[in-house]
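S.K.: Work the whole structure out from these sequences, hints included.
Number of protein chains: 4
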Amino acid sequence: MNTSSIFGDMLQTIAKRGRKLLSFGWQPLPADGIGELERACENLLSRRGEASGMALAGDILERWRRSAQDDRRAFMAMLLEKFGPDPERLEKAIEAYRGERSPQTLRELHAAAEPRRQELIRRLNLAPNGIATLVRMREALLDQMASDRDLEAVDADFSHLFGSWFNRGFLVLTPIDWSAPANVLEKIIRYEAVHEIGDWNELRRRLDPEDRRCFAFFHPQLIDEPLIFVEVALTKSIPGSISELLSEARAPIRAEDATTATFYSISNCQDGLRGISFGNFLIKQVVEELRRDLPKLETFATLSPLPGFSRWLASEMDPASGALSDADRKSLELLGHPEWSSDPKTRATVEAAILPAAAHYLLRTRTQRGQPIDPVARFHLGNGARLERINFLADQSPRAMRQSHGVMVNYLYKLDDIEANHEAFVERGEVVAAAAVKRLLRNERAVRRALPAPEPEKQIESSSQNRELTS
Amino acid sequence: MNTSSIFGDMLQTIAKRGRKLLSFGWQPLPADGIGELERACENLLSRRGEASGMALAGDILERWRRSAQDDRRAFMAMLLEKFGPDPERLEKAIEAYRGERSPQTLRELHAAAEPRRQELIRRLNLAPNGIATLVRMREALLDQMASDRDLEAVDADFSHLFGSWFNRGFLVLTPIDWSAPANVLEKIIRYEAVHEIGDWNELRRRLDPEDRRCFAFFHPQLIDEPLIFVEVALTKSIPGSISELLSEARAPIRAEDATTATFYSISNCQDGLRGISFGNFLIKQVVEELRRDLPKLETFATLSPLPGFSRWLASEMDPASGALSDADRKSLELLGHPEWSSDPKTRATVEAAILPAAAHYLLRTRTQRGQPIDPVARFHLGNGARLERINFLADQSPRAMRQSHGVMVNYLYKLDDIEANHEAFVERGEVVAAAAVKRLLRNERAVRRALPAPEPEKQIESSSQNRELTS
Amino acid sequence: MNTSSIFGDMLQTIAKRGRKLLSFGWQPLPADGIGELERACENLLSRRGEASGMALAGDILERWRRSAQDDRRAFMAMLLEKFGPDPERLEKAIEAYRGERSPQTLRELHAAAEPRRQELIRRLNLAPNGIATLVRMREALLDQMASDRDLEAVDADFSHLFGSWFNRGFLVLTPIDWSAPANVLEKIIRYEAVHEIGDWNELRRRLDPEDRRCFAFFHPQLIDEPLIFVEVALTKSIPGSISELLSEARAPIRAEDATTATFYSISNCQDGLRGISFGNFLIKQVVEELRRDLPKLETFATLSPLPGFSRWLASEMDPASGALSDADRKSLELLGHPEWSSDPKTRATVEAAILPAAAHYLLRTRTQRGQPIDPVARFHLGNGARLERINFLADQSPRAMRQSHGVMVNYLYKLDDIEANHEAFVERGEVVAAAAVKRLLRNERAVRRALPAPEPEKQIESSSQNRELTS
Amino acid sequence: MNTSSIFGDMLQTIAKRGRKLLSFGWQPLPADGIGELERACENLLSRRGEASGMALAGDILERWRRSAQDDRRAFMAMLLEKFGPDPERLEKAIEAYRGERSPQTLRELHAAAEPRRQELIRRLNLAPNGIATLVRMREALLDQMASDRDLEAVDADFSHLFGSWFNRGFLVLTPIDWSAPANVLEKIIRYEAVHEIGDWNELRRRLDPEDRRCFAFFHPQLIDEPLIFVEVALTKSIPGSISELLSEARAPIRAEDATTATFYSISNCQDGLRGISFGNFLIKQVVEELRRDLPKLETFATLSPLPGFSRWLASEMDPASGALSDADRKSLELLGHPEWSSDPKTRATVEAAILPAAAHYLLRTRTQRGQPIDPVARFHLGNGARLERINFLADQSPRAMRQSHGVMVNYLYKLDDIEANHEAFVERGEVVAAAAVKRLLRNERAVRRALPAPEPEKQIESSSQNRELTS
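The listed protein sequences correspond, in order, to chains A, B, C and D. Using this note's numbering, you'd call the opening residue of the first sequence number 176 and step up by one each time. Using this note's numbering, you'd call the opening residue of the second sequence number 176 and step up by one each time. Using this note's numbering, you'd call the opening residue of the third sequence number 176 and step up by one each time. Using this note's numbering, you'd call the opening residue of the fourth sequence number 176 and step up by one each time.
Simulated from the structure, these hints should not be mistaken for lab results. Where a beta carbon is used, it is the ideal one built from N, C-alpha and C, also for glycine. The reader is advised that the hints may include incorrect statements.
Calculated cross-link-like contacts (lysine-lysine; reagent style PhoX-like; alpha-carbon spacing at most 20 Å) [claimed, not checked]:
#, chain 1, residue 1, chain 2, residue 2
1, C, K471, B, K471
2, A, K589, A, K459
3, D, K471, D, K411
4, B, K471, B, K411
5, C, K267, D, K267
6, A, K411, A, K589
7, B, K589, B, K411
8, C, K459, C, K471
9, A, K267, B, K471
10, C, K471, C, K505
11, A, K471, D, K471
12, B, K589, B, K459
Derived DEER-like restraints, expressed as beta-carbon distance ranges [stated by the list, open to error]:
#, chain 1, residue 1, chain 2, residue 2, range
13, C, D374, A, P494, 50 to 56 Å
14, C, E431, A, Q244, 28 to 34 Å
15, A, A243, B, E594, 27 to 33 Å
16, C, L317, D, Q279, 17 to 23 Å
Below, a sample of chain C positions facing chain D; criterion: calculated Cβ distance under 7 Å [to be verified]:
#, residue
17, R264
18, K267
19, A271
20, G274
21, S277
22, L284
23, N300
M.R.: Following this line, the structure appears as structure tokens:
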């Protein structure tokens with residue numbers, strides 16, 4: 176046989192798995208009650224031999240894929256109720272441990288306390304392409320959880336396993352350009368959550384020009400599915416509005432002439448991987464890639480939305496709230512006019528009041544856990560970025576006008592400071608900001624109330640809760 | 176048709192990681208006491224931000240790689256003693272669970288009972304190429320365990336995580352031929368555990384002819400390291416001796432003319448993955464690949480060693496043992512002569528006695544768990560193969576003469592029967608064998624003592640304990 | 176270094192060349208007169224060392240790329256006038272050959288008669304990516320030739336070299352599916368010449384469903400540029416209309432259920448390679464690929480346009496022409512009504528007359544060279560296909576209504592007959608047709624005039640003259 | 176970023192072709208007389224359709240591959256005698272051209288003067304993998320030419336076409352390291368022509384250490400066959416002996432610490448491509464690659480053999496020759512002692528005489544064409560290198576002692592001077608040398624005879640005649 180590399184073959188194999196999966200679609204399965212699925216799951220768990228495990232796992236996943244909404248709900252309920260730990264075994268294990276605190280009794284206690292669904296999920300992953308279906312399964316689970324909080328116990332097991340399987344060590348950062356496969360690119364269109372991509376021509380404008388870059392994380396077992404991606408514009412300065420970057424008419428610059436890399440859109444792709452954080456790794460690694468490729472780059476910054484700003488501002492329009500002065504509040508009432516941004520005078524009035532308000536929103540508000548309430552701010556500040564600039568009327572798309580009255584923010588990633596900024600934020604809840612941003616703050620006395628310290632036990636949820644909120 | 180350039184990039188990235196890892200070798204690290212490593216591990220565990228976790232994980236792994244034997248022992252001892260569960264937290268969790276059996280208290284109980292080193296190992300895997308070092312780490316751990324059984328608790332955590340990370344769903348079956356990269360092929364030479372490969376010319380004879388095949392499992396994160404591989408000869412009948420297959424002088428046949436695929440060597444490659452079973456999947460999948468490629472293939476069989484036969488036979492030479500007749504025992508004493516196999520008459524005498532003894536060894540002996548005592552037999556029978564034929568003087572290499580007096584066995588994989596054979600073996604401890612093999616049995620009355628039923632709880636250890644024993 | 180295959184590297188290298196080429200676009204060159212280009216060309220030809228030839232060749236090609244229409248015309252004129260053979264050398268060579276007919280004098284005669292531009296073009300191809308620019312160059316040349324037939328001499332040299340460089344032995348047949356790179360797919364959209372692809376969604380419908388296939392020929396030096404491609408529908412019978420295949424609403428069938436592969440669109444992509452035939456190889460090879468992949472396929476047919484039919488029919492409306500009966504001519508006058516196809520009665524009248532006319536057009540008309548006047552018919556019949564069926568109102572798109580009043584044709588590729596059909600057509604000008612098609616013929620006596628024998632010297636121009644005409 | 180999955184498919188296709196080719200080996204062909212081959216060739220040339228051309232071409236090549244030595248000779252004789260130009264057509268074409276000197280008559284004259292075997296060879300290349308066989312064919316042809324100079328006319332046609340097909344624009348420079356496919360690496364072992372590679376361990380020492388590099392040119396249609404390769408050592412200074420580089424005991428340096436890249440072995444791989452020059456491109460491009468990868472590299476030099484030195488020196492031992500002084504001649508007689516290099520005094524005496532002799536050999540001797548008589552010197556000087564240093568006893572292998580009494584040479588590639596050096600050498604026959612080398616010259620008056628100017632018409636034969644002579 177001739178020069179076919181190991182990898183050629185690996186990829187073929189993975190690709191073939193994908194094809195087969197697709198063609199499953201054609202074999203109608205008999206409708207099964209949930210009871211039959213439960214028996215199949217017990218069967219899979221109890222097998223001592225593995226030879227037929229793959230087939231059985233594949234079969235269970237296939238049934239789930241074909242099942243209707245109601246059956247899926249029943250399936251999750253079954254996982255909750257029937258595949259927890261065995262209470263008797265657990266009781267015995269506790270007794271034994273209390274009797275003698277040995278490594279053996281401890282191991283048995285841990286094993287007995289583990290919900291049986293963990294092993295079940297592991298065995299489902301035996302099926303070719305199992306992981307893809309398991310991710311879809313958790314997507315459905317998260318939906319159900321909205322109305323059924325008990326399912327959190329099931330989700331804890333999915334999360335635990337996904338955290339292990341999607342460990343950073345297994346992810347691969349990959350540049351995405353106009354020569355990427357169409358089946359991957361269509362997902363970029365679909366998953367872009369910050370600045371919508373209308374069609375393939377717009378996609379091309381985001382990927383093909385010399386001064387545009389895009390990077391995604393992939394998992395080797397999900398080869399057609401980006402997990403998270405970031406779009407980058409190479410520029411000569413930090414941009415103050417999104418139209419500078421996305422205008423159809425703009426002239427591209429030469430990549431070598433760029434001094435600044437602007438991250439203007441970060442989107443999580445897989446709802447089923449919510450809470451598994453990739454974003455902080457992504458930015459750090461993309462910065463490294465860009466610096467290697469274009470040594471002249473000096474500045475790494477974002478152009479980011481403030482998704483929670485309008486809502487917060489509305490809540491602060493109550494005179495009882497301390498965040499805004501009466502004068503500013505009055506100015507900001509102008510935002511109620513649908514056409515406020517068309518009138519230069521109104522615009523100026525709003526600008527004078529809204530920038531301090533945004534500074535306050537970013538620097539002074541805190542969640543109960545002691546973090547900024549803006550999710551995108553939490554993300555970048557938690558990554559060690561600095562709050563660099565607040566931009567007025569920087570995004571005039573309907574959504575941005577609705578979410579943040581058009582305000583956007585630049586976060587700056589200064590490599591030498593990232594670690595210190597990150598520590599300051601994580602340990603002490605400090606938001607590092609440029610002097611110009613700090614100067615925007617008013618009413619300093621009013622807000623110098625004790626900010627709550629950040630909640631210590633939980634790891635920073637660095638990947639935002641919601642795809643739309645990132646960047 | 177589906178493969179994607181995405182992978183070109185992925186593979187490059189993975190390859191680059193490997194390169195970097197190698198070049199670490201050049202940066203001498205200061206010698207560190209174990210205390211410093213412990214602090215680093217605690218630090219890694221306690222970080223709430225992940226930004227610097229990768230670097231820290233990489234640093235710990237690097238220190239471990241550079242550490243001497245003694246420090247490695249101390250490291251494992253540290254994992255055992257310092258990174259178990261937190262006893263106070265566990266005590267509290269037990270109390271809480273006893274107070275109220277809710278999903279919440281159960282989750283906390285499970286979490287509290289989990290040794291902290293599990294999360295530590297997960298975080299070490301954040302480092303680029305971390306998995307490769309973790310596999311080496313367990314290799315060292317298994318060595319230590321030989322003299323320190325307490326470390327089994329640590330190994331349980333490694334095993335647990337490796338079982339998850341090396342889940343069958345993540346492995347890729349890859350054909351290995353003469354166009355494979357040299358750095359992979361040299362590992363085939365190194366890891367071949369059944370029929371030694373002397374040099375590259377011999378390797379070529381195993382891979383290049385049209386009637387030879389080789390397949391390996393790879394994990395996408397260990398791209399230069401086969402996990403397990405099998406060598407296959409395409410033949411026109413089931414071979415009765417290894418020299419038919421490996422003789423330098425033999426004439427290859429056309430692949431299309433073959434009716435039989437003979438698996439004549441299976442080797443596990445990674446000591447650090449001992450107990451993580453790949454072998455049963457491997458054979459099933461290779462059979463499928465071969466059938467797709469060469470539809471004329473009808474028979475799938477092995478030519479396998481009996482690694483434990485000589486030892487067992489020696490123990491049965493005691494007249495008190497019931498397995499052998501006096502006459503046979505007398506004949507088998509001839510094996511003591513170094514040149515017994517050169518004399519036709521002696522050979523015939525031995526043959527008449529040794530084949531029944533081998534049949535008895537395979538069909539009638541049992542371990543305490545109720546399985547055959549020959550590890551290769553356990554492996555293939557557990558996979559659903561049938562014991563097809565016992566071959567006299569089938570391997571005259573010094574090792575084979577020592578281990579099994581030259582006897583080899585064919586196991587037959589008959590696709591339609593695999594499942595039933597497997598069930599019979601696993602559930603009822605039955606060894607399915609060809610009539611001709613069964614007819615070899617003597618003293619049937621003597622051995623019809625009750626065989627112990629197979630031990631039920633443990634999953635079959637389908638991957639042999641020892642690389643040398645497989646196939 | 177780690178597992179990067181030879182080919183990974185090869186592809187990277189080729190890809191890098193492409194990138195570099197693109198970025199040339201940014202360096203404005205000083206405007207040069209044609210005189211300077213001529214000197215550069217003479218310089219390139221006269222160099223005895225090659226070290227700097229690549230750079231010089233690259234420079235000349237770059238100047239040409241940047242040159243305006245007029246300069247390009249002047250460049251071609253220069254190739255014609257200044258880079259023919261050296262007349263004195265040729266004269267001497269003729270003398271010498273006449274003096275002594277030796278291999279030496281013959282070689283010199285051949286060398287002296289070769290236009291110097293052949294070697295010039297060869298040396299231009301030294302430049303990285305030179306071939307891509309040379310193809311563009313000939314594209315421009317063919318345009319100019321329309322108004323300046325003297326340039327045919329220059330084109331003969333381009334053709335000669337391209338025939339050698341794009342030799343079938345160098346082309347690679349590649350399946351194109353929805354996972355192909357976007358930069359290749361956009362060319363499929365752009366080059367589709369038979370049934371227009373409106374947008375990416377339509378493209379996806381042509382490539383992604385299980386019952387669709389697409390194949391293209393590529394040249395290893397033009398990796399982003401398909402040379403010719405064919406679109407295939409897998410069906411259960413030979414389709415009689417294009418809407419069956421392209422309707423958005425249609426339900427795909429399973430690939431394994433297909434019995435028929437219908438080639439419904441073949442498009443040449445590179446105007447600069449006009450006359451270099453790929454099409455006949457393409458179909459033969461695609462048939463082989465499909466049969467290997469889907470052994471159940473039995474029938475290979477086309478659904479093809481009749482691009483010259485309306486024009487021919489118009490010319491036959493003159494009663495003096497013998498091809499149509501008066502009655503048919505009358506019926507066909509109905510085609511003049513814009514809405515003729517909406518009225519069932521009119522449709523029936525037209526059908527009865529137009530099918531015999533189409534049969535006549537395909538079976539009886541001949542060019543001066545003795546071939547059918549329909550270029551698509553020439554293509555498929557020359558490849559050894561059989562004229563299988565004529566379909567009424569099979570394509571109601573405006574273009575098809577204009578070109579052929581909606582008539583389409585099925586050509587059948589029956590593997591066992593291809594060779595004989597091809598010989599019959601090439602040697603004796605015979606069109607092999609199904610009985611049902613022949614039965615459509617009227618006025619047989621009238622047309623049994625002696626058909627001219629096909630012109631013997633010229634190789635069949637199997638690739639149509641015009642992209643739009645194929646399939 | 177640009178690579179494409181298209182290529183995965185392309186490579187697979189090419190690889191498959193190779194496989195098929197190999198398996199041809201199994202189908203015994205009936206022994207055919209040369210007459211049948213001639214008819215097949217005429218048939219291939221005369222076909223107007225191409226549909227069956229591929230098969231016919233494949234068949235002819237296959238017959239040639241299976242043919243014995245004698246039949247191959249007869250085949251070449253046939254190409255010479257039967258497939259030259261058609262004399263009548265040529266006569267007519269000359270008449271016509273004399274009658275009217277038009278583009279048309281000129282084209283016909285050129286066409287008529289072209290040996291018919293050129294088109295025949297082009298059509299043979301239609302066969303899958305045809306090019307590989309055609310290269311073997313010319314290999315055989317070159318052998319025959321040694322005894323039959325008439326075949327030069329046939330070789331001229333092969334050369335002409337190979338020059339076009341193996342145009343630099345089609346070649347791909349590829350790094351070869353220890354992860355390259357074994358079937359490529361075994362060819363590196365086989366083709367190494369300067370410093371033999373004993374086995375795979377030695378190969379590994381040449382490829383794997385961080386301070387070693389190897390690059391090869393490949394043609395996309397010959398993916399398993401390097402065309403030419405160069406081995407490079409990264410060093411801290413220009414080495415004066417080969418043992419410094421190849422000693423098993425040496426300690427590798429870090430690649431980043433290297434300042435010098437030493438090209439210590441260049442080997443042509445394909446005898447069938449003799450005279451098609453790749454070497455000059457190779458060195459220039461490898462220098463570029465290395466500089467990109469390792470920006471600290473400052474010096475690019477060779478450590479090269481003097482393959483013709485001993486022979487020339489022997490011829491100069493005649494006192495009548497003017498190159499050596501009587502004293503030097505006397506000293507050099509010591510070379511006759513087999514053990515001369517073991518005795519320090521003898522060594523010193525020889526050194527004092529042999530270095531000036533080598534300087535004379537390199538700087539002053541000339542072939543009839545006015546070039547240095549040492550082929551390796553011609554190669555590097557023709558590429559624009561400078562003669563930098565002559566090293567005494569630099570290679571003590573038996574072959575080197577025989578060919579050059581152990582003397583080796585460093586040629587220096589100084590990027591800024593390459594072009595000027597090259598021009599000086601090509602245009603004026605000047606050898607650029609370091610002052611220290613020039614100072615070695617004695618008898619300057621004696622040699623200041625007029626050196627012949629380099630022969631103008633022929634392009635420099637930059638690829639040496641003989642594989643063993645390069646580097």
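S.K.: Taking the hints in turn, state whether each one holds.
M.R.: Consistency of the hints with the structure:
no.	hint	result
1	C:K471 x B:K471	18 Å, holds
2	A:K589 x A:K459	11 Å, holds
3	D:K471 x D:K411	11 Å, holds
4	B:K471 x B:K411	11 Å, holds
5	C:K267 x D:K267	18 Å, holds
6	A:K411 x A:K589	16 Å, holds
7	B:K589 x B:K411	16 Å, holds
8	C:K459 x C:K471	17 Å, holds
9	A:K267 x B:K471	56 Å, violated
10	C:K471 x C:K505	46 Å, violated
11	A:K471 x D:K471	19 Å, holds
12	B:K589 x B:K459	11 Å, holds
13	C:D374 x A:P494: 50 to 56 Å	54 Å, holds
14	C:E431 x A:Q244: 28 to 34 Å	31 Å, holds
15	A:A243 x B:E594: 27 to 33 Å	31 Å, holds
16	C:L317 x D:Q279: 17 to 23 Å	19 Å, holds
17	R264	12 Å, violated
18	K267	13 Å, violated
19	A271	12 Å, violated
20	G274	13 Å, violated
21	S277	9 Å, violated
22	L284	5 Å, holds
23	N300	5 Å, holds
Hint violations for this structure: numbers 9, 10, 17, 18, 19, 20 and 21, all remaining hints satisfied.
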